[in-house]
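J.: So the chains spell out like this:
Protein chains: 2
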Amino acid sequence: MRRPDARPLYVQVEAILNDRIVSGSWKSGQAIPAEPELAAELGVSAGTLRRALARLEQRHLIERRQGRGTYVAQQTSQQALGQFFRVRNLAGRPVDPETVITAVTTSPASEEEARRLRLAPGEEVHRIDRSRVFEGEPRIAERISLPAAFFPNLTLPLAPKQLGTEIYVHYRNAHGIIVVQAEENLSATAATEADAAILGCPVGTPLLLIERVTFDAAGRPVELRVSRLDTRAHRYAVEIA
Amino acid sequence: MRRPDARPLYVQVEAILNDRIVSGSWKSGQAIPAEPELAAELGVSAGTLRRALARLEQRHLIERRQGRGTYVAQQTSQQALGQFFRVRNLAGRPVDPETVITAVTTSPASEEEARRLRLAPGEEVHRIDRSRVFEGEPRIAERISLPAAFFPNLTLPLAPKQLGTEIYVHYRNAHGIIVVQAEENLSATAATEADAAILGCPVGTPLLLIERVTFDAAGRPVELRVSRLDTRAHRYAVEIA
Chain A
1 MRRPDARPLY VQVEAILNDR IVSGSWKSGQ AIPAEPELAA ELGVSAGTLR RALARLEQRH
61 LIERRQGRGT YVAQQTSQQA LGQFFRVRNL AGRPVDPETV ITAVTTSPAS EEEARRLRLA
121 PGEEVHRIDR SRVFEGEPRI AERISLPAAF FPNLTLPLAP KQLGTEIYVH YRNAHGIIVV
181 QAEENLSATA ATEADAAILG CPVGTPLLLI ERVTFDAAGR PVELRVSRLD TRAHRYAVEI
241 A
Chain B
1 MRRPDARPLY VQVEAILNDR IVSGSWKSGQ AIPAEPELAA ELGVSAGTLR RALARLEQRH
61 LIERRQGRGT YVAQQTSQQA LGQFFRVRNL AGRPVDPETV ITAVTTSPAS EEEARRLRLA
121 PGEEVHRIDR SRVFEGEPRI AERISLPAAF FPNLTLPLAP KQLGTEIYVH YRNAHGIIVV
181 QAEENLSATA ATEADAAILG CPVGTPLLLI ERVTFDAAGR PVELRVSRLD TRAHRYAVEI
241 A
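Chains A and B, in that order, give the protein sequences.
Count the first sequence with the UniProt record's numbering and you get residues 1 to 241, in order.
Count the second sequence with the UniProt record's numbering and you get residues 1 to 241, in order.
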């Protein structure tokens, strides 16, 4: 016999609805059932359901549209950028990056990749090397590492602008991976020769090093991303409240 | 005749209660009146009051204590550090900084200070130069600029460890300034000779440059802080959700 679930009821309801979204049983962009109907189906009060929905909304998995109901959130490029891309120009305005993918390879995870992505020794990762261009110049050199088991048959175009959407939208649409959260560690580093070639800066230029681990809606680490940002004309913005 | 206030009622209630905290009419650590009493006094529904209280709680101005009621938040050093200090060691653990103040001066604001702090030309700022020591080494060199008009008679001890609390607690207790929010812009820079002398690193070492503007509970910019973090053994942590 299973032990009764000790979590608060609204957390259990959140998990059930989360599963429906992750599994694709509720599809991106679809309206979810009306609250009274859903509460009755799940056998919970309106208040419990509303608390669970509020948490899903906070996690950007559903969205309420004024007077029109509640929908499974569509992860658009704009939404992904707004949530995850913190780069601003010196006037404080968001920038609109283009992406140039230069290499996609697959091989066993390094020690660092395995640790960050919680992989067993020998498990494979895909590595995507790319640069991001905004306001006319390449400003970020980055490598994305993905557990190959979560991204079977990964295919990405190797030419500029052919991936017309943010890569998190691609994860969702092509691989069913819904990114909801990330942890970043920031530090400063000196541009290597490789950085200098990509970013057009002198070797040794101080760069902002951003090490990101991204988690999907099931709480699994699904991406390690190491970005090197040229901050001569840009900043990484943080709001603390 | 004043025009009716167009803001939602709960926002107006939030502003009224915010004023009571900022003005000191409700003091730090004091229990606030029970919800039914407060709702009756303000002439609003329990739901509206609760929504206003939830916003004040989110802003760390009040805190609910399980089964004991709601209190005006006391800004402790631990709370201030937890909210505003993002430095972690390489194991991902928070560090416990000591502060060494090396100079406190007062003079007219620079152009940058005036712009960031919204001061008129010629207005004075206090400048606090200090370093922060953790895990045995000075790791941050920073300058804090404060509008002198908000901080009359600023006196700070010029010796290590004599300011036993975080400076935001000092702002509140000695100057009635309640810090609730900050915007930070991060970039990378090379250590100058002055940085190298403070941080014990070679000139040219890449440092994480953190430019912070801090806002008080009334929404005014009350602090400009420029910090230079040695990231050889530490990181600046960001959570994105």
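Just so you know, these hints were derived from the structure itself, not from any lab.
It is possible that part of the hints are untrue.
Here are a few chain B residues that sit away from chain A, every Cβ distance over 12 Å (derived from the structure) [claimed, not checked]:
#1 41
#2 46
#3 211
#4 233
If you want a taste of the chain B side facing chain A, the calculated C-beta under 7 Å gives, among others [what the hints assert, rightly or not]:
#5 10
#6 175
#7 181
#8 190
#9 192
In this text, all values refer to a predicted model and were calculated from it rather than measured experimentally.
Think of the CB as a built atom: it goes at the ideal place given N, C-alpha and C, for glycine as much as any other residue.
J.: Give a verdict on every hint.
T.: Here is what the structure says about each hint:
1. With 12 Å as the threshold on Cβ separation, the claim that residue 41/B sits away from chain A holds: the shortest Cβ distance comes to roughly 26 Å.
2. Taking the minimum C-beta to C-beta distance to chain A, about 14 Å, the non-interface status of residue 46/B holds against the 12 Å cut.
3. Under the 12 Å C-beta cut-off, the non-interface status given to residue 211/B relative to chain A is violated; the minimum distance is some 8 Å.
4. Look at residue 233/B: its CB is around 10 Å from the nearest CB on chain A, not clear of 12 Å, so calling it non-interface is violated.
5. Of the supplied interface hints, the one on residue 10/B is violated, with its beta-carbon coming no nearer than about 16 Å to a beta-carbon of chain A, more than 7 Å.
6. Hint status for residue 175/B relative to chain A: violated, with the closest Cβ pair at about 20 Å, above 7 Å.
7. For residue 181/B, the suggested interface contact is upheld, since its CB lies about 5 Å from the closest CB of chain A, less than 7 Å.
8. Contact between residue 190/B and chain A, as hinted, is supported at the beta carbon level, the nearest pair being about 5 Å apart and thus within 7 Å.
9. The interface hint given for residue 192/B is broken, as the beta carbon of that residue sits about 12 Å from the closest beta carbon of chain A, more than 7 Å.
Of the numbered hints stated above, those contradicted by the structure are hints 3, 4, 5, 6 and 9, listed in ascending order.
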